[in-house]
Amino acid sequence: MRPRNVQEKIGFFVLKLCAGLVVLILGMILHDIVSKGWRQVNWTFLTAAPSMGMTEGGIFPAIMGTFLVTVITAVCAVPLGMGCAIYLNEYAGDNKVTRLIRMSIRNLSGVPSIVYGLFGVVLFVNLLGLGTSLLAAGMTLGLLTLPWTITASEEALKNVPQSYRDGALALGATKWKALKTNVLPYAIPGMLTGTILGLARAAGETAPILFTGAAFFLPFLPRSLSDQFMALPYHLYIMATQHHDLEKVRPIAYGTALVLIALILAMNLFAIALRYKLRKLKKE
Amino acid sequence: MNREHIKIKVKDFNFFYGEEQALKNVAMDIYKNEVIGIIGPSGCGKSTFLRSLNRMNDVIPGVKYEGTVTLDGKNIFAHGIDVVDIRRKVGMVFQKSNPFPKSVFDNVAYGLRINGEKNKDVIAEKVEKSLMGAALWGEVKDRLSASAFDLSGGQQQRLCIARALAVEPEVLLMDEPASALDPTATSKIEELIQELKKNYTIVIVTHNMQQAARISDYTAFFMMGELIEYDVAGKVFTNPSKKITEEYITGRFG
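Chains A and B are the protein sequences, given in the same order.
With our numbering, letter number 148 in the first sequence gets 148, and the count goes up by one each step, no holes.
Our numbering runs 284 ahead of the 1-based position in the second sequence.
It is worth saying that the hints were derived from the structure and are not from the lab.
Note that the structure is a prediction, hence the values are computed from the model and not measured.
Idealized CB from N, CA, C, for every residue including glycine.
Restricting the straight-line Cα-Cα distance to at most 30 Å, the calculated cross-link-like pairs of lysine-lysine (DSS-like) are: (1) B/Lys380 - A/Lys177; (2) B/Lys295 - B/Lys481; (3) A/Lys180 - B/Lys402; (4) A/Lys158 - B/Lys348; (5) B/Lys404 - A/Lys175; (6) B/Lys413 - A/Lys175; (7) B/Lys386 - A/Lys158; (8) A/Lys180 - B/Lys413; (9) A/Lys177 - B/Lys404; (10) B/Lys373 - A/Lys180; (11) B/Lys380 - A/Lys277; (12) B/Lys380 - A/Lys175; (13) A/Lys180 - B/Lys348; (14) B/Lys373 - A/Lys175; (15) A/Lys175 - B/Lys358; (16) A/Lys175 - B/Lys348; (17) A/Lys180 - B/Lys380; (18) B/Lys295 - A/Lys175; (19) A/Lys175 - B/Lys293; (20) B/Lys413 - A/Lys177; (21) B/Lys348 - A/Lys177; (22) A/Lys175 - B/Lys386; (23) A/Lys177 - B/Lys402; (24) A/Lys280 - B/Lys386; (25) B/Lys425 - A/Lys177; (26) B/Lys386 - A/Lys277; (27) B/Lys386 - A/Lys177.
Pulled from the structure, derived: some chain B residues nowhere near chain A, Cβ distances all over 12 Å: (28) Gly327; (29) Phe389; (30) Ala419; (31) Arg427.
If we strip away everything but chain A, and leave its shape as in the complex, we get (with noise of 0.2 Å):
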């Protein structure tokens, strides 16, 4: 063989390795979490508290918990960041302010957990006076998804071609009118996709939560916003290291990760049916 093939040949095969690498990566971690989960996932362990100091009884006090606060996140984030990408991509010009604005929420997204959980402790537990609660870890929750809102839904917005929205003004439409009829509506599902996936992410998330709502244990279900919660990803990390008991512990981890992961799992393949679809719409 001739030595630029036999270079070719070695170039793609490292290529290849680290694609396969990855992969198998993945599948280690699945592969592990489902092996040693699957059998403790039953009706009683997604439908019962835990009990005798929980090395009995489900999880069904944490499935909830990560439900509530992730549906608080979405209605603090999605807005918010929705009308920030709006007025951004819309309504600023390009300027100092806004080149500002747009670093600050690069940067917001490189911030590492821990320290949105340490704001949050600071602005809303104390200063705001919510105390640990839901609402609390619901609203932290819901800054860490921000930067991924906004930037998912500017870039929906960039999607939409600009004649569209020529068009409608040259109809006599005002900004807003033709921003709302004409490209608002195929900007949205784009804008949710990247909504669901920054979700995704919040609801799998430990830190923010730590000190601003999340128990350690709670036999039932918070009553109000003001309430504590149990959360799937706090509660994993307790089986894991924090129990008096881990051997004992050990398949119930296991399980809340396995839920944990097919819950995230789920989010994201409904994120990405959205975009497939919106895909076709827009072949239409």
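With chain A held as given, fit chain B onto it using these hints.
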């Protein structure tokens, strides 16, 4: 023909993109129910001029105007003028046909709906009238609910014309409306323009000299932001008063 009635009067008009001056001291009277063809080499300011007549240049950041453009005697750049009103009276058809991702019917109805028309019968009637006006009704009447993207290129452009007609403008601006179309579709658009001028004043930018000669009553020749010559089309194309106009229309440059 009523050559006395000036529909649009442009006076001492300067236009800037930031520091760069795109139009210099343009003055032009546009008569009612005439077709005004605007020709000139690329970058001469003809599209900028066209987009000034319905203030579509407003959407570009950093633009600046001087001088006046009056529509029926009212300065469209005066303070307190509602630009939305101007755009309703001065419709526009773009170079690249831009149907919205809606049905044929909804495309034409769009302008009516955003302007507050709710009566379904009125909308249906005006949509039909506009599609007839754009010589498209016969081809689409059986598929009004089909996506506008299913139409051919020429049909899409006529759909955009119908969409502009639906809001009942007085002036129609066209920015090279046939530049992306094949000869058959182009001649359909040209025929349509002749038909439309009975009811509308039409200002059309074109790259195609023959087209300008065929369809325009008046022809304006722009170069480097200046209006070099503006006269009856027959005169501009057979006996231009400026040498440079003659050089351009005989194809010596451009």
